[in-house]
Every structure is written in structure tokens, then in C-alpha cells.
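Whenever a hint applies, use it, and build me the whole structure from the sequences.
In order, the protein sequence lines correspond to chains D and L.
Residue numbers for the first sequence follow our numbering, beginning at 1 and rising by one.
Residue numbers for the second sequence follow our numbering, beginning at 1 and rising by one.
Calculated from the structure, these hints are not laboratory results.
Misleading hints may appear alongside valid ones.
[Claimed, not checked] Rough simulated footprint, nothing fancy, chain L against chain D, three-plus residues with beta-carbon under 8 Å:
| # | segment |
| --- | --- |
| 1 | 62–74 |
| 2 | 96–103 |
| 3 | 106–115 |
[Claimed, not checked] Partial chain D-side listing against chain L, Cβ under 10 Å, derived:
| # | residue |
| --- | --- |
| 4 | D26 |
| 5 | D29 |
| 6 | V31 |
| 7 | T32 |
| 8 | V35 |
| 9 | R56 |
| 10 | R91 |
| 11 | H92 |
| 12 | P93 |
| 13 | L118 |
Keep in mind that this is a model prediction, so the values were computed, not measured.
The beta carbon of each residue, even a glycine, is placed where N, CA and C say it ideally should be.
Chain by chain, the residues run as shown.
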Amino acid sequence: MTRKPVDIGDPDRLYTVTGGRSEADDSFDLVTLIVSECEPTPGMQSEHARILELCRHPAALVEISAELKLPITVVRILLGDLHAMGRVSARHPRAARSVAALPETALLQEVLHGLRNL
Amino acid sequence: MGSATSELPSQRTPLADAAETGLKIVVVGGFGVGKTTLVRSVSEIRPLNTEEVMTQAGQGVDETAGVERKTTTTVAFDFGRISLNQRMVLYLFGAPGQERFWFLWDRLFSGTLGAVVLVDTRRMQDSWYAIDRLEHHKTPFVVAVNRFDEDERRFSLDEIRQALSLGDHVPMVDCDARVRSSGKEVLITLVDHLYSLALSREGTS
Chain D
1 MTRKPVDIGD PDRLYTVTGG RSEADDSFDL VTLIVSECEP TPGMQSEHAR ILELCRHPAA
61 LVEISAELKL PITVVRILLG DLHAMGRVSA RHPRAARSVA ALPETALLQE VLHGLRNL
Chain L
1 MGSATSELPS QRTPLADAAE TGLKIVVVGG FGVGKTTLVR SVSEIRPLNT EEVMTQAGQG
61 VDETAGVERK TTTTVAFDFG RISLNQRMVL YLFGAPGQER FWFLWDRLFS GTLGAVVLVD
121 TRRMQDSWYA IDRLEHHKTP FVVAVNRFDE DERRFSLDEI RQALSLGDHV PMVDCDARVR
181 SSGKEVLITL VDHLYSLALS REGTS
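Here you go:
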């Protein structure tokens, strides 16, 4: 691995970003899709503003982590804040009505169909 | 590994606004076996790279020093994306098979549909640990043998199955991770396998 954005000299930055917290809300899965519910506002924490910009269209937590070059845990904390303020909504894996109602086999059939059409 | 790709200027391809369900498949294997190559060959975006860090209190070793030691575990991994349809999007993760990675499995990959163990026949021992851990986590998997160069001692799939002590129930497939159609076939083999497993579960319940 050549890219270590977080390890370069300044681990404290992570704590600055999260206001000192290191325990994340695990309710956000790597593939939970996040959608902005508002535009960034002046004076907003820059990471919050960037997430709101990124999520004008749905983006998975892991994509936000990669784009912001922040570890998963940190992004979970930031998303927890934004979600609590109603600034983003979260589409959790398999929570969608069209999927939750499906038996496993029907879900997998849809996946197969999608893969064969690649 | 294509780790440097994340340094390129960002040109994001957004998901469809109707996207509502993210799914996960994990590709595990030893260093240099071609995980990133496989992810890249089937992904609709260039593979992205990210990491997770976890700080743990040290265990036992230095107790006489009277200082609580903390260890920070960093695990980097890359991933790609496949939009299956307007609503469903599959994320494909290339994950290192080394020991520390498995501490983070539940935090990162719980709910994973299944896994692909990518095998290099010159370093089959790298796969043993991954297979053991996947069985431990009860994650269904298939084994894909990456024939990415002229493999002079070309072991047959049967020989590899024996070398890895794999039961007959684990599907195996040859692939060339650089080739999109081949990577796609690996994923289809896995999901076919998952489908059979689900079908037999639904049949008995």
C-alpha cells in the first residue's frame, strides 16, 4: 500500500474531524446508500459539506470514505451526525421494500440477471 | 495492487437516483494474486481504495511495563461497483487475506452475499487461511484459480481441490482476472452457487 492519507504525520486530525470520538455507529453498513437532504451551508464543517456535495446522487458509505480519504469509522461518525440532523437519508442494505419482501432466491435471481447482462 | 488509482483526479460516475439497495461480494486472496485486477475487469468505475483503522488495547505481552499499550490495526482494501439494475448496486471488494484483516471482517463485511477466493497455484498456501476463516464466518464461497500467465506446472482443478482440502460442495473455476468476461463468469459461478444454497434452504423450511 502506498497511499496512507491518515497515517501521514497527523493522527490527531481524525480526532479533530470527529470531535474526539472514535466509536462509530455501526448501523451504517459499507454499502448503505446515502442521499443528501439539503445543500451545504456556509460555516458548516468542511467534511459535512463535502459529504452533502457527494451525495446529491446516492453514494455508498465506502465511496464517501474513498473520496474523502477518511477511514470507514470516521465516515460512520460523520454520517451519524448528519443523519441525526436530518441532513442526509440512508438507504440500508435490503431494507428497501422491493428487496426486503423478496425471498433470498428471488433476490439472487435478480443479481444473476444483472450480471448476465453486463 | 492498484492502490495509486485513488490519487487520480476524481471523476465520479454517480449512481442512478433510484438506487436503493447495496450488495456486497468480497474477493479474498494473497498479495499479488490479482484481486484488484479482477475487481477492475468487471467494475463500472475505476477501483477505489480506502481503509479502516481500529485501535485495540494491547494484550498481555507488556504487562510488566505497567503501561497499557495500544495497537492500531489498519486494513486497506479496494473496491469496484456494478449497477445491476436501476435499484440494485453490487459492490465488489478486494480484500487482503492476512491475519489482521479478519479481525475487521464483521465490521466491514457482515451481510456479504458470498466470497471469491482467488488462488495463485504457485502460492496455494496463501489461500488456506482465507478458506479457513470464511468457513469460520459461515460465508459461502467459490474458488477461482487465476491463470494469468503461462503457468508451466499447470495443476488441474482436481489437484488444486485436493491441495486445498476443499469439499466437493465448493465450486471451482478457472479464470483470467484481466478479462472482463472471465471475471463476470467467476461472479456468476458464485451467485449460482448462492442460489442453489438458498433454494435448498427454502425447500427445507
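Hints and how they fare:
no.: 1; hint: 62–74; in the structure: holds (count 9)
no.: 2; hint: 96–103; in the structure: holds (count 4)
no.: 3; hint: 106–115; in the structure: holds (count 8)
no.: 4; hint: D26; in the structure: holds (7 Å)
no.: 5; hint: D29; in the structure: holds (6 Å)
no.: 6; hint: V31; in the structure: holds (3 Å)
no.: 7; hint: T32; in the structure: holds (7 Å)
no.: 8; hint: V35; in the structure: holds (8 Å)
no.: 9; hint: R56; in the structure: holds (8 Å)
no.: 10; hint: R91; in the structure: holds (5 Å)
no.: 11; hint: H92; in the structure: holds (9 Å)
no.: 12; hint: P93; in the structure: holds (5 Å)
no.: 13; hint: L118; in the structure: holds (5 Å)
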